[in-house]
Structure formats: C-alpha cells, structure tokens
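All chains, full assembly: derive it from the sequences and hints.
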Amino acid sequence: MASYDEDVSQNSFFLALQRRRPDLYCQAIQLNAVVLVPCQASLHSFSLSSCHFESYILQPNESSNTHFLSLNGKEVMVINNAVALAGTHQSSQPVRVLFEETFYTEQGGSFNVVCIASPLESTGHGVSRKLPPSRPRASIRSQPVLQNLEECCDFLWGTGTTRATRLEVDKRMAVFINSFRQLQNQSLWNCMDAVSAFYRKCLQIVLKDAHMKCLSKQEATMKLIRQAVEMYVLTAVYEHVFKVVGAIEANEDAAFNKRTRSLQDLTLRDLGITSDFSINIPRAKRELGTLNDHSTPREKQLCLRTVLHIVLQSPRHRANVQNATTDDLLPVLIYLVVKTEVPNWMANLSYMKNFQFSGESKDELDFCLTSLEASVEHVRAGIINPQVFEEVLHVVRPSFDSLCDHPAPSSIQLLYGHIAHGRVEEARMLLSSGEAIEDIQTSLCHPLCSCDSCERLVSGRFNDPSVVTPFSRDERGYTNLHIAAQFGQVGIVEMLIELGAIVNACDYNGGTPLHLACLRGHQDVSLLLLDFGANPSVEDMNGNTPLHLACQGGHEGCVKALTYCDKQHRINSGNERGDTPLHLASRWGYEAIVAVLLQNGADANFENRAGHTALACALNERVVEVMQHTVCLSNCSLTTDKDFEHQSDVATIDYSPTGSSRCSSCTSCTSVVLKDAPNSDEDDEKHHVVDKLLTAVADGDMPMVRFLLGWDEDDDDDDEPQEERAEDEERKRAGNCRKAEILCHPLCQCSACQPFQNNALLSPLGLSVNTKDQAGFGPLHVAVRHGHCELVALLLRRGARLQELTLGGATPTHLACEHGHEEVLKLLLAHGVKVNKQDCHGNTPLHLACAGGNTPIVEQLLKNGASMSMVNHKGNVPLHEATHSGNSATVNLLLTAGATTHYRNYLQLTAAESTQNEDVLAVLRKATVPCYDCELEGKSQQNSVVLENDVRMHVVDEDDFSVVTVSAASVMFDRQAVTSAVNGFTRDDSVNQVPVGHAKYGGRNANVISRNHQSNEVILTVDKRHKRIEGFGG
Amino acid sequence: MAGGQGTGRSFSFKVVLLGEGCVGKTSVVLRYCENKFNERHITTLQASFLTKKLNIGGKRVNLAIWDTAGQERFHALGPIYYRDSNGAILVYDITDEDSFQKVKNWVKELRKMLGNEICLCIVGNKTDLEADRHVSVQEAEEYAESVGAQHFHTSAKLDRGIEEVFLDLCKRMLEVAQVESSRADGTSRHGTARRGVQIVDDEPQGQGGSGGCCS
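As you go down the protein sequences, you meet chains A and B in turn.
Using this note's numbering, read the first sequence as starting at 1 and increasing by one per residue.
Using this note's numbering, read the second sequence as starting at 1 and increasing by one per residue.
One or more of the hints may lead you astray.
[To be verified] Restricting the straight-line Cα-Cα distance to at most 27 Å, the calculated cross-link-like pairs of lysine-lysine (DSS-like) are:
| no. | chain 1 | residue 1 | chain 2 | residue 2 |
| --- | --- | --- | --- | --- |
| 1 | A | K353 | B | K52 |
| 2 | B | K52 | A | K217 |
| 3 | B | K112 | A | K353 |
| 4 | A | K223 | B | K59 |
| 5 | B | K59 | A | K213 |
| 6 | A | K201 | A | K217 |
| 7 | A | K223 | A | K171 |
| 8 | B | K53 | A | K223 |
[Said to hold, decoys possible] Interface residues of chain B toward chain A, partial, derived using beta-carbon atoms under 8 Å:
| no. | residue |
| --- | --- |
| 9 | N55 |
| 10 | D67 |
| 11 | G148 |
[What the hints assert, rightly or not] For each label pair, taking beta carbons as the anchor points, the in silico distance ranges come out as:
| no. | chain 1 | residue 1 | chain 2 | residue 2 | range |
| --- | --- | --- | --- | --- | --- |
| 12 | A | N292 | B | Q101 | 39 to 47 Å |
| 13 | A | G109 | B | C22 | 33 to 41 Å |
| 14 | B | C22 | A | A82 | 35 to 43 Å |
| 15 | B | G148 | A | Q59 | 37 to 45 Å |
| 16 | A | R577 | B | C22 | 39 to 47 Å |
| 17 | A | A164 | B | G148 | 50 to 58 Å |
| 18 | A | I279 | B | G21 | 19 to 27 Å |
| 19 | A | A82 | B | D132 | 41 to 49 Å |
| 20 | B | G148 | A | R181 | 26 to 34 Å |
It is worth saying that the hints were derived from the structure and are not from the lab.
Cβ atoms here follow ideal geometry from the backbone N, Cα and C, with glycine treated the same way.
Have a look at this one:
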C-alpha cells in the first residue's frame, strides 16, 4: 500500500484552523482531541471560509472505539479505516484515513491529527460534492511506491522529462557498463564506489531536467526520484554487479549451502513454530524462491516484505489472535531460509545491504532485510543441530520413553542408541544375543523342518522384537548399518560388516548405508563401505545416487571417494529432476567439487528436466569460470581431461609471484617429462593414481591418503611398519606382483621405476610414500607445501625422504619456507634436515623465506645454521631477497644476525640500492658502513686505512695480490659495524662453493685467506690485475 | 503543491525494543501504536515492526519501532537488530527480577557496541501487579541514572505511562540528532554516515549494583 505523507503543519486547512479559530485549537489541545485534517490535495475547491471547523474536532471517547462526538455534537463513525458522519447526513460517504500523527505542543499539550482523503462535508456547495473525490484520488495516487522497473520508467520518463535526458543517461550507462567489466575481480568496496558514483552522476543528469528540477523541490518527490534513478541504474548494471558480488561471496555461500543442506531434515517442531504460522509457509516459500528473479535491492526487499506479510497473515480473522512478535517471526524465517532453494543467500544479502544508495535505512524494508540477515546468521552460527533435534530424538529418546511405559525397552532402539554413540562393545553384546538363533538352527532336523519339536525351538525367535540381528530394521527401514553410516561410526560399520550386515541394504526410501554416509559427509565410512563392495550407483526413491547426495551436501571428501571408486562412469546419471551431480554441485556453488567432477569426466552439457545445463544452474561466477575453463579446454585440445589435469597441476605447483622465470622453467620441465614418457594407458593410469594421491595430500585429506597408500589407522603408532605388512600378506603379494609388472627389471633405478624401488612399501595401488608425479613432487612435498602438519608427521613416520628433490630442485624445506609454514618447518628441522641446500635457481630455504618476508621462519632457519651468504643465480644473498620483500623486520633480523649490507648482486646492486622501500632503507642505512673505494685509494700511500667506527684496515701488497687485513683498533667500536665491514668483502668460507669472482670488495674480486673471529680480523687477497682493469689506484 | 515550500526538518528514528520474552514489551508498543482509525493494520498481527508519526514542537518525527527477539536462543542476533538505532527501550517486568538483570546486560552491551549516541529508556512494565513487585523502584531508578538512561513505570494493561516513555525518548533523540547535524555541518544527513563501532569500558555500575546486593 502506498503510504501517503504530507506535512500537516503546512496544511492550509490546519493553518486556517489555527488562524481563524484559535479558540477551537486550544480546546482541542486541552481535550487531547482528535483533529481531522483533509489532505492538502483535496482542499483545491474547498472553501475554508465557510468551514465548520467544529465538526473536524472529535472529543476522545473512552467507551467506544468506533463512535466519536465532534465539538458541534455531530456523531462520527470510524469503520474500516474510514470516517463518516453518522445520522444527520444520510448521503455522506466514508472518507479514507490516510495517516495519523500525534502533535505535542511546546507547552506539553498534545492532540492527534488524522489526515483524511477529503473534507467530511462539502460545506453547502452541494454541486461540487461530486468533484473532489476524483481529484484528490488522482493527486494522492501521484505518490506511488515504485515497485518495479516499469513504474519507475513511467515516473522518470513518462511525463514532462525531455527525451534528451533519457538518452544522456542511457549513453552514460553503456559507457559505465563497459568500464565496469574491467573492474571485475576487484573488491566489493571498489565495486560499490563505482556504482554509487555512477548513480550520483545519473541523478545529477536527471535533476538537470527542467521537469524533474521542479518535482525535486518537494522532499517526498525527491525521495521518489532518487529511488527511481537507483532502480533504473541498478537494473541495467545488475547482471554485472551481482556477478561480482556472487564471486566475492562464493566461498561464504558454498559454506552456507553446505550448512543448509545438512539441515534438510529440520522440522517445524524443531524450531518451535506453531500452527498459526505454519499454514502460510508454503506460500511464503514460493514467494521467497523468486528472490533471484528480482534485480534491484529494492525489488528484492519488496519481495522479502511480501514474504513477511504472508508469514504474518492470520489464518482467520480472529479478534484476539496472539500478536506476532519477532520471536514468532524469526523461527519461520529460519525455516524458510533452510528450506527455500536459494543457493546464494550471502550474495543476495551483501547486494541488498551494500547497493542501496537512495533510501534511508530505517523503514520497513530495512526491517525485512535485517530479519532475513538475522535468520541467515542464526543458521550460519550452527546453533540449530538437526542431529540433536532429529536423530537423537528418534534413536535415543524413544528408548527412554519406552523405559517408562514398558518394563523392557525395545532392544532395537537400545541398539541404535549404542550405534549412534559409537559404543562398539555394547552393540556387539546386544547383537551376539541374536546369535543363539544359529545354534538353534544347527539343532533342527533340517533347516526347513517344521516338525513339532523343531517348531517349538524356532517359534517366536525370528519375530521376537527383543532379538536383534545385524539385519534388524526400524520403522524407516534402516538397518544397523544405516545408523552406523549415518553417524559416521567407523568402528561399528566394520564390526557390523564382519557380522554379516548387508552392505547394499536399502531402507524404505531406497537409500543404502552409502547414501546416508555421503549425505552426512562421512568420508571414512564411505571409503570403508566402498571397500566392502557398496554399490555407488544405487538410486534412492528420488533417483539420487550417493554421489548426488554428496554433491548436494558439499562433502568434497565423499565426492572424491566416490569418483575414485566409481569405475562405471555413472558420474553423469540424472536424478528424478534430471539433475546430474554436476548440476547439484554447480547450483550450490561448490567450486572444488565441480572441479573434481569435471576432472573425472562429468559432462557440463547434460540438461536436466527443466532443460538447464549445469552451467546454466551456476549462480556463482567462480563455478562458471571453472566450468568454462574445462569446456574450453576440452574443445580446443581434443585430448580430454588428462591435459587439463597436467596443466592444472603445473599451475598449482608453481609458485612465487617473483619467480616468473621459475614458473616457465618448471613448465618446460614438465612438458619434457611428458614428451619422454611413453603414453601408454598404463602410464596414464599410474599418473592418474599419483595425481589422486597428491590431490588428497594437498587437501589434507588424511583418510583418503591412508586409503590410497593402504595404511591402516591403527598402525600409525607402530614403529615398524614392516610388521603390519607381514600381517597383510596378501596385499603385499598383490603389490609385489604389480611392482614386478611396472619395473623395467627388478633393480632398475630409472626415473620411471625409481619411485617403486623405495624401502617404503608399496600400497596395493602401486603408490609409496615417496612416489612422485611428473614435476617431481611427492606426498611430502605437497603436504609441506600446503602446511598440513599432521600429514607431514605421518609421512615422515612412514619413511618419506627428507631431502627428496622436485624437478625444480626444491627440498621439502624449501617448500615449507616458501609457503611460510612455520610449524611444518619446525617439524622438518626436528628431523634434522639440511638447511643450506640450493634449488635449481640457487635459492636456499633462507632465500625463499626472506623473499616471502616471513620473519619467524627466517629466525628458525638462522637458529638452525642457515648461511646468510649463499648466492643464488641472480647473485642475491638472502639480504637482497629480504630487501625485495619489503619486510623491514626480516631485514632487521638478518642484520642483527650479522648479514652484510655491502654485497652486490649480478646487477652490481647492493641490497640498499635495489629497493625503494623507506622502512627497509632506514634499517639498512643504520647498519651500513659507507665508503670502500676511498679507503682503497688511501691504501697506496699507507697500506693502512682507518674507517669510520674505528675499523682498521691493512693492506699488504704481494706479487699479484693485495692482502687486506681488517681489525678493530678501538674497544669502542660498534661490533655490528665491524661485522658488516668484514662481511663486505668476505664470504662464508665454510661453504666456499661459488667461484672467487662472487666475492667482491668495493667492486673488486677478493679471496679470503683467513679469518679470525675472535679478533674480528680478516685477511684476504684482492686481485690486483682485476683492480687495474677497473682502473683503480696502482 | 502549495504546502511544499520550506518544510520544517523531519527526522526518522529507529528505536529497538529489548527485553525478555514475557515482560510484555510487545503489549507496550502495541498499546502505543494502537490506532483507532486504522484497525486493519493491527489485526494483521504485525507487532515486530511498527511506525508512528509524531510532531514535537513543530519537528516531524517518523518513529520506526523494531521488536527484537527475546528468546535466549536468538540472543546473539541482537547486534544485527540494534545497529544504527537511535534509541532503545529496555523493558523489564517489575515482578521478575531476572528480567531486570537481563536489562542490565542489554545496557552494557548497547553501550559497548553503540557508545553514548544511543538514547536509552528503561521501562518497568506491569505496574498493575504492584503487589507482586520484586524489583525495587529505588534500585531501578538509581541504576538507570548510573547508566544515563531514563526510567519509567508503565502498565500496558491499563495504558499507563506508555506515551511518556516514547515522548521522552523522542525528545532526547531529537536533541542528539540536532547536535549531530550541527556538527556534521550539512554534509549528508542520513544514510551515508556509517556509525563506527565504539569500544567503551564497562560503565560504572555504582549504586545500582550495590543496591542489587542489598535487596
């Protein structure tokens, strides 16, 4: 409903009342009366002079809510939102009430003003009586609430506005959208600023128009103009803006969807929603489902308001219905948020909150938005737990109920309680009581005998509810295994299968235990079930395979387990709605799952029943990108997923932003390997398996890693993995067979065989803890790179090699330092890694840590003896790298530890010369001792130079070399300055692998002869010939 | 239109209603907004968001009254509701000491999150049950004073004292708004000014707290 508003204190009727009849006005204040004021627009042809103001002032009436007496004794009735004169004027029609306003005077008096659509009586001008109703109605309607684009276009361009204005706005719009496209991948704030600036620009253009300028003089109309412009602008840019917002909120949305999917069992009772409100829920849900059809924040909010109104509608028009408070409203909204299929709540919320520029934020629409936000927040906070509300109610409480009702609780419920809580022993006890049946069976004449004696033995046993077996079912058709799978109780699953439970048993909805495990996201149980032969392609009543449920629930681990084990390529099967798993994953915005599915051959071109492809289902730009990338790849190169995987591997493996050279070199390494490798199917399969392993490691997916490497959880504590192998003789044999097939000859150490020749043992899949992929990355590398501490510990325990190199020559230590995983580094250091190894770019771990500006890591390395004077292939020492990183703390740390500042790299730059960063420069300047060259010139006379800070330098000429001795003459010297000066032309001779030419002294080559740490004395030789070439002294 | 020239300033204020579930905060606000001329509005059951127009000494005020969830399970959602509000009405039941304690918690939280810009009214409802009173008048009033809030007694049932609560609150919010707008020097009045979250130490509980110990 349009809410009419005007400033009553400017109303000519009201002013006339005050001016002409101050007596009446005072009386009204005294009486705390109700003053009826016809709205301004209706006063057009109304004669104020002949008005009976008395009839417009109503005395308060305590006894009746519908009848009032005016000051001149007329009876006024209030019916249905309208007032009418009763009695005297039979012809008088009810006049609509527009709004009510309470006036408080300065003196403390008060009265109520009720604004009505037209004057009560036509004050004697009987003829003009008919005229007002049409006029005021039209002018009251001129205050529309802009509901959609059409109305706003009508308002903006409909009357009086020149065509040029609209053209101007439209032209700007095209330009803006073009430039906005380039803005993508920017932050939300940039995006908001851009749109807001554009909105203001458009508003300015519109207000320049003469017609609008005239309209804008009124506050209310001005507000409308703002709204209209905003709506017009945002409708046009919606698609682009919402895409950006969607991409920004993608992760939040995916996480939230995962949460709502897991809450699908939520019932009204769980939330305490009463039947008064539940009646309207289906309608509200339908309305809320259209949220994504609306484009502007305002339209979306109007949609929310409709939802709220539907929710709050009373089922019957009862007089004393309970008032709907926020406490009633919130649970309903929460229920709606969980149950309505809107996969992008976060994006919608962020969009509605941030892209409103015109409105003020205190109206009902804002309240609706806030309510939604509160509901979403409540769901996200994870306070609602359907397991508590549902399963435990089903599983545990009935057992207590029946405890009260019957002397013996139903044993199946007891059993399910044990299973749900993972009490293996209790469950086993209960189950073993059923084994008696087998004993009976052996004592029967023959298994199907029905002679009297046998009957007596058997009677009742099979149908006795107190006897539970692994095959017992509850009222939903769940077997024990279903319950165990649902609650993720690995131990119980194992025990039940051992006892002969049917792995593929269906409940009454057609769901297998695997369905439930995938629905709840228990990856370990899924793997176990699959291992025991669960069929991953069983469809439940809704046509969902376990993969569908795992995708819908966002359980990446389960999806991986399933795609790995599903050999039959049922990955594109559709459910009842024709949705493939890819449809579900893309609709709910699970980017990672989409990637996994696509890698495993999911087809993005399948259409569901509604004719949408998975791509069309994706609301989230990031998912769209992943899919388009794959589709594009598979179109360009006819070689399918395989290539994509390699490319993506390279992309993920290679690293630092500064090392573009490294990146390309690594790519070329990989491609070389690819070329060399024979492209047989077997090889492909092996790569595939290795990729799986590494992906699992990268995800920190312990159960999957264990599964792939064939490790049991229980054995982790064993110091001797060998023992475990002995137990599992069969597997070992299988592994060995496989090994024999793969290897060129039993002792071959070629690059293809080498991974399989490790001491560490092979899993049934031919994987070992030191298996590498084409880029030379093994599980340890990947685990370190992703900082999975626990996994690193596990791998080390399992014999992963510490100094294993990737093709880039990186040890795990390099990776830990480069990616800044301090904990992992500590772990590696504790295992005694060497810290001064250089990779193919000459970088030591310290270089990488410095380049990353990661001070704690640098500290760790220095503590463990990392050298500060190793030179990489750019001629940089760690200090250079630290300087580049711009982290002054790191630089400071290096300097404190005694790093030299004078070292020049191959570009002949010292650390200080290669940075612009003021902080870093300040730190460096503090530590730098200036001037070498001058002192060398001085040398020719005295062979001894005193530097700043009392550092003394002696130079002795020999045949081809100058021998330079540096010592500190004074006890007052700055220790650091000496160290710096000394290091300025020395290198750490303990690791003197780099040619002499790398050591420089004031631009000259130098070679250390000896160094006395106690006296801070260094003797070195400077190549005189070289000196001559450079044109110094002599 | 003729009346359009130079209207007096109009303000819109957001007022949140806080208090435990059964203290009757909804009844208070419904009583206040009860509108004999607009019956249907009330019968839509809508009590979670209500509006009221006032004209105080020539200044127009649009009051938006937001009901908040009183149930404990929704407590964490408070900040979402009360952010950007100009005033808060904290209702307790004079027969229920716990509800008064809740009010104290709310006050602490509000002052912490919104600073001193928010005007507070503490309302002891159900004065019709005076015989059952468990929260002493003195204690409540001293507490209110110590935290810079006004204290009122109301009875939604008998329609006592409710209008005064809102009138007083509006007057104070007007003062704050005028100070603010004079400070802001005419740079965009509403909307764009985002209120930063201010962290303030717990205000002195003073006599209010000690009074609680004695009773």
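Cross-check of the supplied hints:
1. A:K353 - B:K52: Distance ~25 Å between K353 (chain A) and K52 (chain B) Cα, so the pair holds.
2. B:K52 - A:K217: 25 Å, holds
3. B:K112 - A:K353: Holds, at about 24 Å.
4. A:K223 - B:K59: Given that 27 Å is the threshold and the Cα spacing comes to 19 Å, the pair holds.
5. B:K59 - A:K213: 26 Å, holds
6. A:K201 - A:K217: 19 Å, holds
7. A:K223 - A:K171: Roughly 24 Å between the alpha carbons, so the hint for K223 (chain A) and K171 (chain A) holds.
8. B:K53 - A:K223: 18 Å, holds
9. N55: 4 Å, holds
10. D67: Since the shortest Cβ distance to chain A is 4 Å, the answer is holds.
11. G148: Check failed: Cβ of G148 (chain B) comes no nearer than 23 Å to chain A, outside 8 Å.
12. A:N292 - B:Q101: 39 to 47 Å: Once the Cβ atoms are compared, 44 Å apart, the range 39 to 47 Å for Q101 (chain B) and N292 (chain A) holds.
13. A:G109 - B:C22: 33 to 41 Å: 36 Å, holds
14. B:C22 - A:A82: 35 to 43 Å: Holds: the Cβ-Cβ distance is about 36 Å, inside 35 to 43 Å.
15. B:G148 - A:Q59: 37 to 45 Å: 40 Å, holds
16. A:R577 - B:C22: 39 to 47 Å: The hint (39 to 47 Å, Cβ to Cβ) holds, given that R577 (chain A) and C22 (chain B) are roughly 45 Å apart.
17. A:A164 - B:G148: 50 to 58 Å: The hinted range 50 to 58 Å holds for A164 (chain A) and G148 (chain B), with Cβ atoms some 56 Å apart.
18. A:I279 - B:G21: 19 to 27 Å: Holds: the Cβ-Cβ distance is about 23 Å, inside 19 to 27 Å.
19. A:A82 - B:D132: 41 to 49 Å: 43 Å, holds
20. B:G148 - A:R181: 26 to 34 Å: 52 Å, violated
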